[in-house]
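Taken in order, these protein sequences are the chains called A and B. No gaps in the numbering here: position 308 of the first sequence is 308 in our numbering, and each next residue is one more. No gaps in the numbering here: position 432 of the second sequence is 432 in our numbering, and each next residue is one more.
Worth flagging that the hints you see were computed from the coordinates, not collected in a lab. Being a predicted model, the structure only gives us computed values, none of them experimental. Some clues are possibly wrong.
As the list claims (entries may be wrong) - Derived pair list, reagent style DSS-like, types lysine-lysine, alpha-carbon separation capped at 30 Å:
1. A:Lys-28 - A:Lys-157
2. B:Lys-165 - A:Lys-373
3. B:Lys-26 - B:Lys-154
4. A:Lys-441 - B:Lys-27
5. A:Lys-358 - A:Lys-110
6. B:Lys-27 - A:Lys-373
7. B:Lys-371 - A:Lys-441
Single-letter residue listing:
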Amino acid sequence: MIETQLPAYIALTFVLFSVLIPLFGMWKKEWVQPLAVAGSGLAATLSIYGFISYLNSGPIRYFFGGWEPPIGIEFVYDGLSGFFVLVINVVAFLVLVHSRKIGPLEFPGKEMPYYALAMLAMLGFNGMLLTGDLFNFYVFLEISSLASYALIAIGEKQAPYAALRYLIIGTAGGTLYLLGVGFLYTVTGTLNMIDMAAMLPMYAESTAVVAALILMIVGIGVKAALFPMHGWLPDSYTYAASSTSALIAPIGTKVAAYILFRIMLFIFGIELVDAVAPLSTIVGVLASVGILYGSIMAIAQTEMKRMLAYSSVSQIGYIIMGLSLANPFGFAGALLHVLNHAVMKACLFMISGNLRMKEGHTDISLFDDSYRKKYPWTMASFTIAAISMVGLPPLAGFFSKWYLALGTIDNGNWLFLAVILISSLLNAVYFFRILEKVYMKNPSSEQKEPSDGVRNEVSFSMLAPTSILAMGLIVIGFMNAVIVGILLDIFPL
Amino acid sequence: MDLSIVPLLAILVSLFAVPFILLSSKKPNLRETWTILAGLIKFGLVLSLLPTALRGESVEIHLFDLAPGLPLALNADPFGVFFAIIASGLWIFTSFYSIGYMRGAGEGKQTRYFASFAVCLSATIGIAFSANLLTFILFYEMLTLATYPLVIHKETEKSITAGRKYLAFTLTAGLLLIAAAGMVYTYTGTLDFTPGGLFTEVDLPQHIMLIIFILFLGGVGVKAGIMPIHGWLPSAMAAPTPVSALLHAVAVVKSGVFAVIRVVGFVFGTDVMASYGLGDILIVLAGTTIIIASLLAFAQDNLKRRLAYSTVGHLSYIVLGVALLTPLGMQGGIMHIAAHATMKITLFFCAGAIYVNLHRENISQLNGIAKVMPWTMAAFTIGSMGLAGIPPLNGFVSKWYLALGSLEGDMIVPLIVLIISGLLNVGYFFPIIQRAYFRKGEGLEKHGEASPFMVVPLFSTAILSILFGLFPNLFFSFFDLASSIAATLFTGG
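In isolation and in its complexed conformation, chain A is listed as follows (with noise of 0.2 Å):
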C-alpha cells in the first residue's frame, strides 16, 4: 500500500516540516534542528525504501487525486528520479545534522525562519525530481529557487547581494525554462513527460521544437551552474552559511542537471535533439570548457570556501559532460559521479565549516601544520575527500571517471577524454596545496619544530556527518560494480 504512494509521502514530509517548524519554534526554539533533523530523517528513509521497492518491483506511478495524466498530475518514482531522491536526501540529512552546532554561531536567531527554508527547499527539489509534468516541475523548481534565494542570504555580510544576483540569474533561467514549456505545449498539447516522449518525435523537424529544447537547455543551464551560465555560483557559495553551502551545493546543480537529463536523453531521446543541430555536442563542448575553467579558477583562490564553489562549477561539467555522450558508460559515469559529488562536495562543505567553527576563517593561506594535531579527524576526511576530487583508486572519485573515460573513448570524442584527464591533475593541484600546507611544517618560517597543537575537534555531531561522508567515498569506491549496475540498467536505450 505504502509503496504506491510513497513519491507524495515524501514531498508530504517535507510540506508537514516546513509547517511544523514555524509552529514548534516560536514555542521552544531549542527544537527547530531536531525537527529539521527528523524530517530529512524520515524523507531518507523513505527515499531508501522507495529505492528498493523500485529494484524490486520498478516504477512506481502516483496519480494526484486519482485522475490519470494527461488530465491529472502525476510523481513518476522510476529509476532516474529514485536515485537522485535518494542521494538529495541521504545527504540533505546528514548536513541538517552536522548544522546543530554550527548553525547558532553563523546566523544566530534565525535558526526557525532557517531550517523552515531548508525544508521548503528540500520541498522544491524533490518537487522537481518527481513530478512527471514538465509545468509542475516549474513550480517546483520557483519553490525551491526562492527557499534557496532566502537560505543563501542568511549568511555573510555579502550574501545578501550574492543572493540578490543568484535570484536575478536565476529568475531570467527559470522563465526562459517556462518559456520552452509553452512551446513545446502549443505543439503537442500536454504537459506531461510520459505523453510528450511518445509525441515529440511527430513534430522532430519542427522549429518550435528546436526552439524549446534550447531555451530549456539555456534555462535549466542557468540553475545547474553550466559554464557559461554559472557567474552566480561562486559569490552565492562563499558568502551563505556554511550548513547552506553544504546543503545546496551537492544539491542544488545536480537537480537540475536533473532534468538536463530527463530532457535530452528520456523524454526527446538522443536523436530527436541532435536531429536538427548538433545540440549534445554542443553541450559537452560547454560542459568541457566548465571543466577546465572551474578547476583553473580553483587553483586561483585562496579561500578555501570560494575554490570548492569553482570546484563545483568544473565538477557539474562532468556530470553533463557524461550525459552529452548519451552512450551507457558516459551516462553511468555522469549518473554515478552525482552521488560522488554530492558526497565529496557535501564532506568538504562540512569541513569548511568544521575549520570556520574553530579557526573562525577559512582562508587557506593561513592553514599550517597544527591543524593536523587540531582537528585529526576532520583533516583525515579532508584527506580522503580530496583523494576522491582528484580521482584515485579506490576511492569514488575515480570510478566516476573511468566510466566517463570510457564513454568518451566508445564515442571516439579524444578531446573530452583529454580534458577529463587534465582537469584531474589541476584537481591534484589545488588539493594537494592544502594537504601539503596541513600535513608539513612551512619549510620557510623559522621555526624548526612542528608547530604543536592541543586537539580541539569539533563536536561529535559536526564529526559524525563528516567523517560518514568521507567513509562513504570508499564504500561508494568499492560498490561502484553494484551501483553502475543499477545505473545502467536504468539507461533508456
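Starting from the structure of chain A, add chain B where the hints point.
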C-alpha cells in the same frame, strides 16, 4: 592445500601492520618489531607461492567486481612471484637498515615513515600480483600516494619541491595509464594480463596501436625512468637513504619496469609488438637513456645523485632487454631486475651509512674513507663492479643474456650500447673506489665503521650479489624462473 588466499594475505599483511605501527608510536622498539614481523611473514607467504610458480602455474583469486566485468583479481603467476620475492625479501634488509639509519641520523616523524613504508610494500606486492590492468592501476596509484610522504620526509624546501615534482610526474603517468587501459578495454573488451597479449583477436590500425602504446609508455615509463620522463628520479633523492634504497632502486622503479614487461608481454604480446614495430621505438628510447644517463652520472658529485642516474641507466637495460623481443633478451631483462635490485640497494645502503657516520654526501669528500669504513667500502666495491658487469657478479650474468638476446635478434646496435655503457659504468664508479682506497683522507680520526644495523644489511646484500652471480639457481631457482617466464611469453609465436 589451497593457496588461493595467500596472494591476498601477502598484500594485506603489511597493511595490517600499519595500525599497530601507528599505535606504538611512543615505543620505537615495539613499533619496529611490527615492521620486521610483517616483513618476515610477508616474505614467508610469498615464498610459499614459489613451488607453484616453478611449476609454471599461477595462483588466482577473484575478490569482487571493481567495475562490471572487471574484478579485483589477483594472480600470482611466475613473473609476479619473481618480483614479489625480490621486493619482500629486500624489504627485510631495508627494515633493519632503516632502524640503524633513522635512529643514527636522528630523523623525526619515524612513525609516519615506517607506516608509509609498510603501505608501499603492500602496494608493491599488489602490483606484482595484479591479474588485470584495473587492479594494477589501483595498486600503482596506491604506491604513488604512499611514497609521497617518504619523498618529502625531511620537509625541507628541497624535499617538498621534490615531492611536488614526484607527484606531477607520477599522477600524470597514472592518468595516461588510465586512458590507455580505457582504450584497451574499449577495443578488446578485457583487461586481464595474458601471456601473448590481448590484441590477438582484434586487428587495429597502426595509428590507434601507436596511440595506445604511447599512452602506456607515458604511464609506466615515468616510474621506469625512461628518458625524457625520468626527471623525478634524481630529485626524489632528497628522501632519506633507505627510501632511495628500497623505493627508488627496488620497489617504485622496479614496479615501473615490471609494468613495462606486463605491457609488452601480457597486454600487447611480443608478436604484436614486433608486427607493429613498437619494439623498435622502445629500443631507441632505452638505448638513448642508457648512454645519456651514464654520461650524466659522471657529472654528479653528490653520491646519491650519481647513483640515481646510474639507476636510470640500468632500468633501461631491463627495458632494452624486453624491447629486443627475443627470449634471451627477455630473460636477461628479467634477471637484471633481480641483479640491479641487490646491487643498487647495496650501493644506496653504503651511501646512507657514509652519510650517517661521516655526514658526507659528496664524492669529492670521500678520500680515504675505506680505512675507517672497510666493510662498507668493500660492499660498495662489490656492488659497483657488479653494475659494471664484471664477472662473477650477478650483473655479469644478466648482461650476458642481454648481449645474447641482441645477437639472437640480429641487432648489433644494442650490443654496442651495452658495451659502451659497461665502460661508462666502470668510468663513473671507479673514481669513487679509487678515492676511498688510495687517497689520503682528512678528519676521519675519530670515526669508525657505521652501526651494525646498517653494515650487516649492506654487506649481506653485497654477498647476495656474489652468490647470485656464481650460482644463479642457488636461491629460489631464480635463473630457471626467469627463463621459464621468458619462454611463456614467446610460445605463442
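Unmet hints by their number, sorted upward, for this structure
Those not satisfied come down to hint 7.
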